[in-house]
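Q: If you want the building blocks of each chain, they are given just below.
There are 2 protein chains.
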Amino acid sequence: MTKVLIIGGSDAGISAALRARECDPTSEIEVVLEDSYPNYSIRGIPYYVSDEVADWRNLAHRTIDDLEATGMRLRLDTVAQAIDIERREVLVTGSDGREARLAYDKLIIGTGAVPIRPAIDGIETLGPADGVHLLHSMADTFALARTLNERKPDRAVIVGAGYIGLEMADALTLRGLSVTQIEQLPEVLPTVDPELGARVHAVLEANGVEVITGTAVSRLSATESGVLVEAVSADGALTWTAELVLVVVGVRPEASLAAEAGATLGAKGAIAVDCQMRTNLPDVYAAGDCVVTRHRLLGEAYVPLGTTAHKQGRIAGENAVGANREFAGSIGTQVVKIFDHVAARTGVRDHEATTAGFDPLTIDSQADDHKAYYPGSRKIHARVTGDRLTGQLLGVQLFGHITTHVAKRIDTAATAIYHGMSVDELNDLDLSYTPPLGSPWDAMQSVAQEWSRSASRLPGRGSRPSRVEPPSPG
Amino acid sequence: MTKVLIIGGSDAGISAALRARECDPTSEIEVVLEDSYPNYSIRGIPYYVSDEVADWRNLAHRTIDDLEATGMRLRLDTVAQAIDIERREVLVTGSDGREARLAYDKLIIGTGAVPIRPAIDGIETLGPADGVHLLHSMADTFALARTLNERKPDRAVIVGAGYIGLEMADALTLRGLSVTQIEQLPEVLPTVDPELGARVHAVLEANGVEVITGTAVSRLSATESGVLVEAVSADGALTWTAELVLVVVGVRPEASLAAEAGATLGAKGAIAVDCQMRTNLPDVYAAGDCVVTRHRLLGEAYVPLGTTAHKQGRIAGENAVGANREFAGSIGTQVVKIFDHVAARTGVRDHEATTAGFDPLTIDSQADDHKAYYPGSRKIHARVTGDRLTGQLLGVQLFGHITTHVAKRIDTAATAIYHGMSVDELNDLDLSYTPPLGSPWDAMQSVAQEWSRSASRLPGRGSRPSRVEPPSPG
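Heads up: the sequence lines are chains A and B, in that order.
In this text, residue positions in the first sequence follow our numbering: the first is 1, and each later residue adds one.
In this text, residue positions in the second sequence follow our numbering: the first is 1001, and each later residue adds one.
Because the hints were derived from the structure by calculation, they are not lab data.
Each statement offered as a hint is correct.
Mimicking DMTMM-like on lysine to aspartate or glutamate, the simulated pairs with C-alpha atoms at most 25 Å apart in a straight line are: (1) A:Lys379 / A:Asp428; (2) B:Lys1379 / A:Asp55; (3) A:Lys379 / B:Asp1340; (4) A:Lys379 / B:Asp1051; (5) B:Lys1379 / A:Glu52.
Just chain A, same shape as in the assembly (with noise of 0.2 Å):
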């Protein structure tokens, strides 16, 4: 009998509870968490504050009823202090402010991310009670329910504009705010690349919300009328006063208890792992946003997403009781939905393939969702990037309504990467047809084929191998 304790209740806390009882139903799993919320969908945050899911309790992948039918025990409210590599033990305190040490034989830390809080002047002396709210956990869920429904604030301010200041702009507008997004950098969703970008941008101006780009907000401070917001951008200064000011511009690995135990840290910070998820510490693993992950293109990054998690998770989880799985990598692979359009991307861009020693050429294209003729079909704009010398398939980067599938196109793209398949070979798939929902060649196909003609047109195209060109006339 393996008695695995595990330090968080989040995806890769439970994945690893859940798949560590799969594997060893004798295996005895405790699972340490901060707060009363396991297995809660981080990612479900933004549709709760909209209200189209109305009961928080709904974002629980399980309840705990289900988690402890599993025969996982449970540990709320309790927050590990030290990990005693030695002994093999935890350091805890539970919810009553009682200290224990808790023993095990496998431990598996998935403490996740904390989010980022950015130099921004004042921002260190407000919080929830001023209408200024960070977003990750269950209880800045709970704080921010809490200023929309006590204070009905008309405006805010979303500091960031990643995927999750996108959903957010998408929920508060839907709550009927009027919502100002002020992204630093040139674009807003700068997991793509900026020509996509734009298409998003476009899309959260066209449903009412406010976007200020290249402008770094500089301080905040509580005014009478709400939370004045003070920008700098190349134009000069600009100011917003709203009763609401969220600010998600993204997250850190949270990795302090390992790391005081000895645990050697990675990029960004975050837990170093080798494939099985181990860290280098007797008889610890880490899974999740709190370690460094293993990028099929880029190598060793810092890939925080609750899919990866998941994976990580029930590697880890298979292998504390006796197992020798590997992490197969992540790809990056992300969609978000913002209003009626998503935007997805898996793989790497222009930048990330430069950086890990590609020679990459990425094209802008774009394909009918499915056939002209049948009613209601739209454009996916897609950004296809492809090694030039191998023709090795690197990224794909897609955006559309809701209705062009883009979120399942891009796991065909996602699964052909995974494999290492040129550009062309897309074109070798056997994908389905039917006119109200494809083409004979998927958009996919049709979006490789153009960038093998881009390709195909470059000087020096002599080097890449036959399989990627064309014939030579004759």
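We have chain A already, so just place chain B on it with the hints.
A: What follows is chain B alone, placed relative to chain A:
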């Protein structure tokens, strides 16, 4: 300069012509076709019949002007009578009735398929003038449209419930007809397992279609009030009278021209070709619904599909002007929309897998299309087939509402099968996730996990590779 002659102006022929011109702009390309409708979307016919596509001309993937602008020559209304292999010539009869001999350096045969006329008493003497229709060509389409527009039938009987039969039931219902659909086999849509076919059956009935399975139509005869349809089921004789009878029971390859010239035929009498789409005749290629298709799991098979015809035509065209490209093979990916639901399949089913030497296990499972807490979530019904011994993913069948994106989810499965992934390895894929569109484990991964759990409970599981098997307790 290569003179490429192509017989057939549908998917395979036109794809070949376009690709040959693209790869070798100096090549001379001539396409001979029997009618005046090159590059028409056969799969679009139901949507013209339904009135969802108002103008039949929109069914053309490209107009004649588009095609000729690429530099190809189209010989419309021209029938290829014989191939003279020795002289490298094709004898044709033009629209004016005159014979001509067309020379070639390379010949590509894309004669396609013809609808099967089943052994039903009376069918040989009845035709469109009586309200009895086959449906494959644009001429068939115009004949059907005339019957619909001029006779304004109230009732239709559709003989056959394959994908075209189902699409026509949908289309004629949309046109306001009362539709009876008769299928000889025990369930509709025999290309999926009866468990999913039954769900399609229910959708048809929910939309007012009378569905009669396990029933063979034995006789058609003209009466004053319409066509009398007589059928035999296990329960006895049945009759209907309808002003319109549509017989859509599948197609057979049109290989007679090639056979008369000495081409070797294979499965179902289709033209045998190698991976480069070469027939056994010198300088003669063939592609599309008239050829035997390489199936990646089954070996040789007859799989007439537009997607495959496009791929094979493209390869034949490329090779005709000097390349050595190989057709990667079909895996029989198909999708059909039936009213507001979609059924899709890829790979093989139990009986096909067994024939091909696998030891298949198929499970029935279901998963949410997206997080259940977000509005509009629906179940995807899935059947997953894998090999018990190796864990290899062999096939996936999906059924769901059109909003569940099963048409694109099947593409992820198709890409996985293309690469010979195991069912378990689906969990390694980095697929996209956002609550309105998916789950942290995509539906495809949830059902894969379900398959693995079923497989691990089988006797003799110790013989399977460890990557598919949970670790032993301990």
